[in-house]
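A.B. asks: With the hints as your guide, set chain B onto chain A.
Number of protein chains: 2
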Amino acid sequence: MAEWELECGTGDWRGPASPLATVCPECGKPLLARYATPDGSARTRPDQIPDEWTDRSRGMWRFRGMLPLREGEEAVSLGEGSTPLLPLDGLGGELDALELLIKDEGQNPTGSFKDRGLSAAVTRAVLDGATDFVVPSAGNAAVALAAYAARAGVTAHIFIPSDTPAAVVARCDHYGGEIVLVDGLIDECGRRAAAFAHRTGAFNVSTLKEPYRIEGKKTMMLEIIEALGWRAPDAIVYPTGGGTGLIGSWKALGELAERGLVKGSTRMYAVQSTGCAPIVRAWSESLEAAPPWEDARTEAYGLRVPAALGDFLILRALRSSGGGAIAIDDASMLAGTRELGRRGVSNAIEGGATLAAARRLVAVGTLREGETVVLFNTANALVY
Amino acid sequence: MAEWELECGTGDWRGPASPLATVCPECGKPLLARYATPDGSARTRPDQIPDEWTDRSRGMWRFRGMLPLREGEEAVSLGEGSTPLLPLDGLGGELDALELLIKDEGQNPTGSFKDRGLSAAVTRAVLDGATDFVVPSAGNAAVALAAYAARAGVTAHIFIPSDTPAAVVARCDHYGGEIVLVDGLIDECGRRAAAFAHRTGAFNVSTLKEPYRIEGKKTMMLEIIEALGWRAPDAIVYPTGGGTGLIGSWKALGELAERGLVKGSTRMYAVQSTGCAPIVRAWSESLEAAPPWEDARTEAYGLRVPAALGDFLILRALRSSGGGAIAIDDASMLAGTRELGRRGVSNAIEGGATLAAARRLVAVGTLREGETVVLFNTANALVY
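Residue numbers (this note's numbering), protein chains in the order written: chain A, 1 to 384; chain B, 1 to 384.
Isolated chain A, as found in the complex (with noise of 0.2 Å):
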């Protein structure tokens, strides 16, 4: 069981896990979790991993020493997690050249990675005392969110945009979501769910608006980690939208390597889409904060934030892992996931992302031949 304290994203303020717990009370930014670890002299080994991080019990809550979860405590559990690490192999060209993997987070409980997230924040907000939650989106969150609120028994507030598919409303209207359709864009939905929240007290769990999502999330990074045999891959390509997710793995393995659980290290590398390249642009023009993206155009709904809160955050874990940026165009994207489609892998546009990159960072060498390369198939195609 784990014991924390959070930490702002900038570094400049420290404190205790208090509940309910939203945004750096200083300075609006996000908030990580810092686990308390063991000193230098009591490190652990690789070979020391904790017991329960490999009984045979499935999902990310076996984890628990590095999730907010305190002795006695239940989570708020669908089975999420343990998702499979499956090879690629004969895709042709380049990329033959590689050790190539996805981890496929379609086969979650509602068919995205959101499930992680969601699990992890609705499990701690829950444990805290909430019992309505609130949160802005037109697609995987407001799924996972109305899932897990149903799961523990609590009421999900969607605020959604009147046009979203209605097979994404039908969705959480199974899992008996509050729906809210809001006549306008997606922006439109976070300023009513936030005036929401601040009127009833529902919690707000909207992406890096409270520090446990990306807990959730780092567990995609573990679960890699150990498939490898406790050694790092050596680069992962995350289709990077919020990039809650390239946060969470960057945070697993700086949390991993201050325990001496993980041998090597990983490049990371940020796919987003030519329509919307806002971490692209910071990144090759050296900056530590990514100015918003005008315009934002593209297919890969996934891709489609214009700013994203922890925009430094990515582009720390872009810079300090040796990494990089990179755009691809809606059209490469589609030939991509097609690519994985007829190779097993059910995945929608932003995991066809990741494999169009995978061929352009080899094809310019900044993927080499042998390495281990992991791409991160975020959705099934049933959730479009």
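Worth flagging that the hints you see were computed from the coordinates, not collected in a lab.
Quantities reported herein were computed from a predicted structural model and do not represent experimental measurements.
Errors might be hidden in some of the hints.
Label-pair distances were calculated between CB atoms; the ranges are [stated by the list, open to error]:
| hint | chain 1 | residue 1 | chain 2 | residue 2 | range |
| --- | --- | --- | --- | --- | --- |
| 1 | B | ARG199 | A | ALA97 | 37 to 45 Å |
| 2 | A | ALA289 | B | ILE49 | 50 to 58 Å |
| 3 | B | ALA194 | A | ALA307 | 53 to 61 Å |
| 4 | B | LEU185 | A | ASP89 | 33 to 41 Å |
| 5 | A | ALA331 | B | GLU71 | 41 to 49 Å |
| 6 | A | ALA97 | B | GLU26 | 50 to 58 Å |
| 7 | A | PRO50 | B | GLU371 | 28 to 36 Å |
| 8 | B | ALA166 | A | ALA307 | 33 to 41 Å |
| 9 | B | ARG231 | A | GLY229 | 25 to 33 Å |
| 10 | B | ARG199 | A | GLY90 | 25 to 33 Å |
| 11 | B | THR274 | A | GLU74 | 32 to 40 Å |
Cβ atoms here follow ideal geometry from the backbone N, Cα and C, with glycine treated the same way.
C.D. replies: Same frame as chain A, now just chain B:
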């Protein structure tokens, strides 16, 4: 690694596991795999579970000593299996008297339990030399075959009624399946598929037309028993169309018992629709086979099977396990679907049917206070 023979479901024929085996060469009934078992003196005890069953790797193929894979052979896998067994609490009424659990098969690679069977069937047939597969289906089996054929780099020919929902066709297409739209019902698709197989040599993986889909399906029950600490649940409630999973569960329990690897026994209950209940009718009339149901009508596509090839095996499983069969109307199934969704479980109508059936079985005293009862959620809500 396993060695096995094939035996007719009637028990009247037994022979070697010849490549690309289909049905009994003498009577045309389904074949079952029979593995070499240790003799009585060498019988393992429940604490002697094979090491590979309990390793960290995910998925059904870790049970390879009881699956049709020989030394050095590799499975065609997308990470199927290791789905969660979720507790269902607080449903109210009679159900609170049970230890109720649901096996969530919606978290498989293509979103349904069909993945297990097709992974096993495609694996064995590809190893035996098949390069073309054929199946008649308007649903999950079509999609699963398309996915596993893609994974193996071989071709799936899918005969599908022309009024099949566009979503199913799109999903087959995502995996590159060759789709043949047939003017007619599923039985006409079956005839066309059989003729295609005969004409071209494509391997037909229709339900119980080959012996290995059932082998994949039986891993559901292996996982359930494992999750319960190698103790059999008191009862399972299974939505029964073709019944492969029910037969597989019964087979799994028998094979574990032969090896001394399970404590206790399980009563098996088949759930059908009041609009198509051949097994329930045959059960109530104490028949050993089920006459075809005329004019089958139900919204539960998976249960619209008027004549199951494995009828005699299903009825034998119910009888020898001390279980039974129950028919549920569509309205009650849909209420069950909604109720499961409200507990966070993404489910199609067949999943809801099991909840409705369990409620009924408790009410009449067939399921009793304190019993451990497992429902099967065969697919997630996205797949329809």
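A.B. asks: Which numbered hints does this structure break?
C.D. replies: none
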